[in-house]
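**Student:** Which chain is which? The protein sequence lines are A and B, in order. Anchor point for the first sequence: position 107 equals 107 in our numbering, and the numbering is continuous, going up by one each time. Anchor point for the second sequence: position 77 equals 77 in our numbering, and the numbering is continuous, going up by one each time.
Wrong hints could be hidden among the right ones.
Stated by the list, open to error - Straight-line distance between alpha carbons at most 25 angstroms, and here's what the computed PhoX-like set of lysine-lysine pairs gives:
1. B:K57 to B:K83
2. A:K3 to B:K42
3. A:K3 to B:K57
4. A:K113 to A:K38
5. B:K83 to B:K42
6. B:K83 to A:K38
7. A:K70 to B:K42
8. A:K113 to B:K42
9. A:K16 to A:K113
10. B:K42 to B:K78
11. B:K78 to B:K57
12. B:K42 to B:K57
13. A:K70 to A:K16
14. A:K16 to A:K38
15. A:K113 to A:K3
Hints are computed from structural coordinates only; laboratory data are not their basis.
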Amino acid sequence: AQKVTQAQTEISVVEKEDVTLDCVYETRDTTYYLFWYKQPPSGELVFLIRRNSFDEQNEISGRYSWNFQKSTSSFNFTITASQVVDSAVYFCALSDRNTGKLIFGQGTTLQVKP
Amino acid sequence: EPEVTQTPSHQVTQMGQEVILRCVPISNHLYFYWYRQILGQKVEFLVSFYNNEISEKSEIFDDQFSVERPDGSNFTLKIRSTKLEDSAMYFCASSPSQDTYEQYFGPGTRLTVT
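Excised from the complex, chain A in its bound form:
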């Protein structure tokens, strides 16, 4: 069965600290995509990144970086020099190869204090 686990329910950091959000997934598919979404207090889902299972290169986008390791089935997300505006719930998700539906993790609530 496909599953996404975000073991960290809540994380609290002080502004300018680096923070890593963990994501572990389970799938039997050989081809799949992994995603991260941000959900600010306003409620919408903001797409952050999509990663193909064949591409294990780490990615950096500004203060955001992602570490994909197939050997450990993990797709972790790091925010460098966190800011108050980063406060949100972050969801990791896995695609289903047959239907394209997304399977979400439980989410990690990140609070960045000034």
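Once you have looked at the hints, place chain B on chain A.
**Tutor:** What follows is chain B alone, placed relative to chain A:
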């Protein structure tokens, strides 16, 4: 930039009433999805729709739920007889193809059943 729109943004209804949640997917997209997020919980897949029929539905999507694409633009989710536990945020998503696994989410409709 094209986007998925949803109406209404917030719907309040009494238990037992029928509600229709509306979505306008991106115009050239072919795959459509509904997801549900109960307050404070993860985003859960409800149903996927392609070529005017349901391609997959979850256990949550029981007989009280239905989806329809009544014209070339709208994609609706109907709940026939709402229950208190249907209170949630409902997200619509669309995708240009299944292979890209690139889903665009609408802003959501918050349904409150009293």
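**Student:** Next step is simple, just say for each hint if it's right about the structure.
**Tutor:** Hints versus structure:
no.: 1; hint: B:K57 to B:K83; in the structure: 19 angstroms, holds
no.: 2; hint: A:K3 to B:K42; in the structure: 12 angstroms, holds
no.: 3; hint: A:K3 to B:K57; in the structure: 17 angstroms, holds
no.: 4; hint: A:K113 to A:K38; in the structure: 18 angstroms, holds
no.: 5; hint: B:K83 to B:K42; in the structure: 19 angstroms, holds
no.: 6; hint: B:K83 to A:K38; in the structure: 29 angstroms, violated
no.: 7; hint: A:K70 to B:K42; in the structure: 24 angstroms, holds
no.: 8; hint: A:K113 to B:K42; in the structure: 24 angstroms, holds
no.: 9; hint: A:K16 to A:K113; in the structure: 9 angstroms, holds
no.: 10; hint: B:K42 to B:K78; in the structure: 21 angstroms, holds
no.: 11; hint: B:K78 to B:K57; in the structure: 14 angstroms, holds
no.: 12; hint: B:K42 to B:K57; in the structure: 17 angstroms, holds
no.: 13; hint: A:K70 to A:K16; in the structure: 30 angstroms, violated
no.: 14; hint: A:K16 to A:K38; in the structure: 19 angstroms, holds
no.: 15; hint: A:K113 to A:K3; in the structure: 31 angstroms, violated
In summary, the structure is inconsistent with hints 6, 13 and 15 from the numbered list given earlier, while agreeing with the others.
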